[in-house]
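With chain A held as given, fit chain B onto it using these hints.
Each chain, written out:
There are 2 protein chains.
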Amino acid sequence: MSNDRVYNFSAGPSMLPLSVLEKAASELTNYRGSGQSVMEMSHRSKLYLSIFEEIKSDFKRIFKVPDTHEILFMQGGATFQFGAVPLNLIGKTGKADYAITGNFSKIACKEATKYGEINVAADSGDRNHTYIPSQSELKLSPDASYFHYCANNTIYGTEWKYVPETNGVPIVCDMSSNIMSKPVDVSKYGIIYAGVQKNMAPAGMAVVVIDKSLAGNELPITPKIMSYKIAIDKDSMDNTPPCYTIYMLGLVLKWLDEQGGTEGMAKIKTKKAGILYDVLDSSRLFIPIADKEARSDMNVTFRTGSDELDAKFVKEATEAGFVNIKGHRLAGGMRASIYNAMPMEGVEKLADFMRAFEKNN
Amino acid sequence: MSNDRVYNFSAGPSMLPLSVLEKAASELTNYRGSGQSVMEMSHRSKLYLSIFEEIKSDFKRIFKVPDTHEILFMQGGATFQFGAVPLNLIGKTGKADYAITGNFSKIACKEATKYGEINVAADSGDRNHTYIPSQSELKLSPDASYFHYCANNTIYGTEWKYVPETNGVPIVCDMSSNIMSKPVDVSKYGIIYAGVQKNMAPAGMAVVVIDKSLAGNELPITPKIMSYKIAIDKDSMDNTPPCYTIYMLGLVLKWLDEQGGTEGMAKIKTKKAGILYDVLDSSRLFIPIADKEARSDMNVTFRTGSDELDAKFVKEATEAGFVNIKGHRLAGGMRASIYNAMPMEGVEKLADFMRAFEKNN
Chain A
6 MSNDRVYNFS AGPSMLPLSV LEKAASELTN YRGSGQSVME MSHRSKLYLS IFEEIKSDFK
66 RIFKVPDTHE ILFMQGGATF QFGAVPLNLI GKTGKADYAI TGNFSKIACK EATKYGEINV
126 AADSGDRNHT YIPSQSELKL SPDASYFHYC ANNTIYGTEW KYVPETNGVP IVCDMSSNIM
186 SKPVDVSKYG IIYAGVQKNM APAGMAVVVI DKSLAGNELP ITPKIMSYKI AIDKDSMDNT
246 PPCYTIYMLG LVLKWLDEQG GTEGMAKIKT KKAGILYDVL DSSRLFIPIA DKEARSDMNV
306 TFRTGSDELD AKFVKEATEA GFVNIKGHRL AGGMRASIYN AMPMEGVEKL ADFMRAFEKN
366 N
Chain B
6 MSNDRVYNFS AGPSMLPLSV LEKAASELTN YRGSGQSVME MSHRSKLYLS IFEEIKSDFK
66 RIFKVPDTHE ILFMQGGATF QFGAVPLNLI GKTGKADYAI TGNFSKIACK EATKYGEINV
126 AADSGDRNHT YIPSQSELKL SPDASYFHYC ANNTIYGTEW KYVPETNGVP IVCDMSSNIM
186 SKPVDVSKYG IIYAGVQKNM APAGMAVVVI DKSLAGNELP ITPKIMSYKI AIDKDSMDNT
246 PPCYTIYMLG LVLKWLDEQG GTEGMAKIKT KKAGILYDVL DSSRLFIPIA DKEARSDMNV
306 TFRTGSDELD AKFVKEATEA GFVNIKGHRL AGGMRASIYN AMPMEGVEKL ADFMRAFEKN
366 N
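Chains A and B, in that order, give the protein sequences.
So the first sequence is numbered by our numbering: it starts at 6 and just counts up by one.
So the second sequence is numbered by our numbering: it starts at 6 and just counts up by one.
If we strip away everything but chain A, and leave its shape as in the complex, we get (with noise of 0.2 Å):
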């Protein structure tokens, strides 16, 4: 890779396209002739409001967001929606769905229970989170005042093939770990939210895609900062934005318009996880740890059996330059995290890296 780069396999934070770097860097210290660095601009000033209604105005393109939704950028990550969430929806009926599929659903699942009653509509604890319930063993409630899952999980390394069916009842989606790695439909949703910091950005941020009728509605001990209706009204500016960290989500916007959008990752995505799935179904010395079925196109994650063989793989990837390789402590073995803007040559050498190390152990 150029410019002497490692090939980083980190669940999140984790690579950015090199070009949207250089972009980055290049316009620093003054952008576009303007004297002031992005990270100076009043989020006030003409200049900056430019570039954030540009960058809206690009998301809202690529991602495909209909009319009827917002798009919001607040702080915090996906672990401020987790608490954002039931504080601005539950009161509707004091009830809610939860899908535990992995860590952060479990998280999410958890934070709800302090605003209201929470329903466990299905657990793949029981297993590990190695599989995704299907839509018949979904206990859902009708009286739910929304629904929610997490689409990709991350640490385990498996994936929602489905949009759930809830007859009605808003659905709620963390798509912190897979968002603009392919076509959503959008208007399938209440809320979609999603930490930026695998897919579109440095960490520091969620975007926020909003059903602008389910806004309005929080509970009086909502804290201002958390308020939906507060951030579509004022445009995610009560509060000064993360400016510079929107900037970048602005250049990858950009890098993605050249991959040919949601689509073109989609195939990209698509052939980069098979190449890595591929060498895990015809190895004698790998273990895939997911369901077949279930298996994400993010993070893919394997072990060999051995936690001495396992931690020699993680040590020799490293010295060859692939890092951030080892898997979670709560799956074990090692993950892969190929997001967007993991080259496919990294994906590529991994692959071969992965094939010399089983033909010498």
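Rather than coming from a laboratory, the hints here were simulated on the basis of the structure.
It cannot be assumed that every hint is accurate.
Identical copies carry no separate label here, and so any pair may be met within one copy or between two of them.
Said to hold, decoys possible - Straight-line C-alpha distance at most 20 Å; calculated SDA-like pairs for lysine to any residue:
| id | residue 1 | residue 2 |
| --- | --- | --- |
| 1 | 115 | 243 |
| 2 | 354 | 366 |
| 3 | 100 | 225 |
| 4 | 239 | 112 |
Showing chain B alone in chain A's frame:
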């Protein structure tokens, strides 16, 4: 100024030292041979943790934080803290005291009323926040869980010159717009918080310096991302922190060291503010907005008495490269925000410009 940069008098986000921006640009695509941008680093990686620890250590040394206090990096700026402070602290007695000396302390006060009984200890709104109440004017409650004030009022250009005596009631202070401009006796405060976007880093974070003994009493409805206890226990990493914003703070701290720390900055800021207040005090045209004894060394507010002349001043100043100098609509007139990163020559040139404008109008 080098690099064709403008003098940016924005109230925040605001200027960063050019050397800091140049350093950031130089290591943006590849941090010191690591093959990664800081934007891409896993917050759990050894490399990022070593950066993080050095920054905390530099902050502790430069801001003279005693061992009784912890340093937290939290997303959401001061507005987030407006909710977090009462949620974490008001449970002790159910009551808190607030001094209202400007727009943001008013918003902080209003937010706190969601969570307990609020006593307004003082309100300078009777004279449009042009003064700071004296100690004897503060109506403090002996059973308040805490006393909250805002050390510098960005919009009106006033600054507290003393630390209130509260007879044991913990003091919570919003130092968003004057932190790191002078030495602070941190031991006098229960909590100091500051949005970073004025004197410390790009927008997207607040630094919280908290007496650890105050944590652990949050209301049960506190979103986990707002819990000081969790933030302390997890060293600001219960969720992914804004890694790059923290890194930028680190570069600013190194620059602060070069300026002689907070003692050095105090001399510089006193001199800078003095230059502009001397212009105002010797002017037949410009009228200072804040009372003399309450003047802020960070935000110099003034007007001409004529809306037309104010507009003309702003227009001509902007054309001359002094940008964002229009006053906030709540105070009117002009405002020159001269935070730490505003160079002395920017202030000197503005003073020259003001004198020339006076001569010609």
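Hints, verified against the model:
Within a single copy, residue 115 and residue 243 get their C-alpha atoms only as close as 28 Å, which misses the 20 Å cut-off; across copies the closest is 15 Å, which meets it. In this assembly of identical chains, residue 354 and residue 366 lie within 20 Å of each other by CA distance solely inside one copy; the values are 18 Å within and 70 Å between copies. Proximity of residue 100 to residue 225 under the C-alpha cut-off of 20 Å is found in both arrangements, the shortest distances being 17 Å within a copy and 18 Å between copies. Proximity of residue 239 and residue 112 under a CA criterion of 20 Å is satisfied inter-copy only: 15 Å between copies versus 29 Å inside one chain copy.
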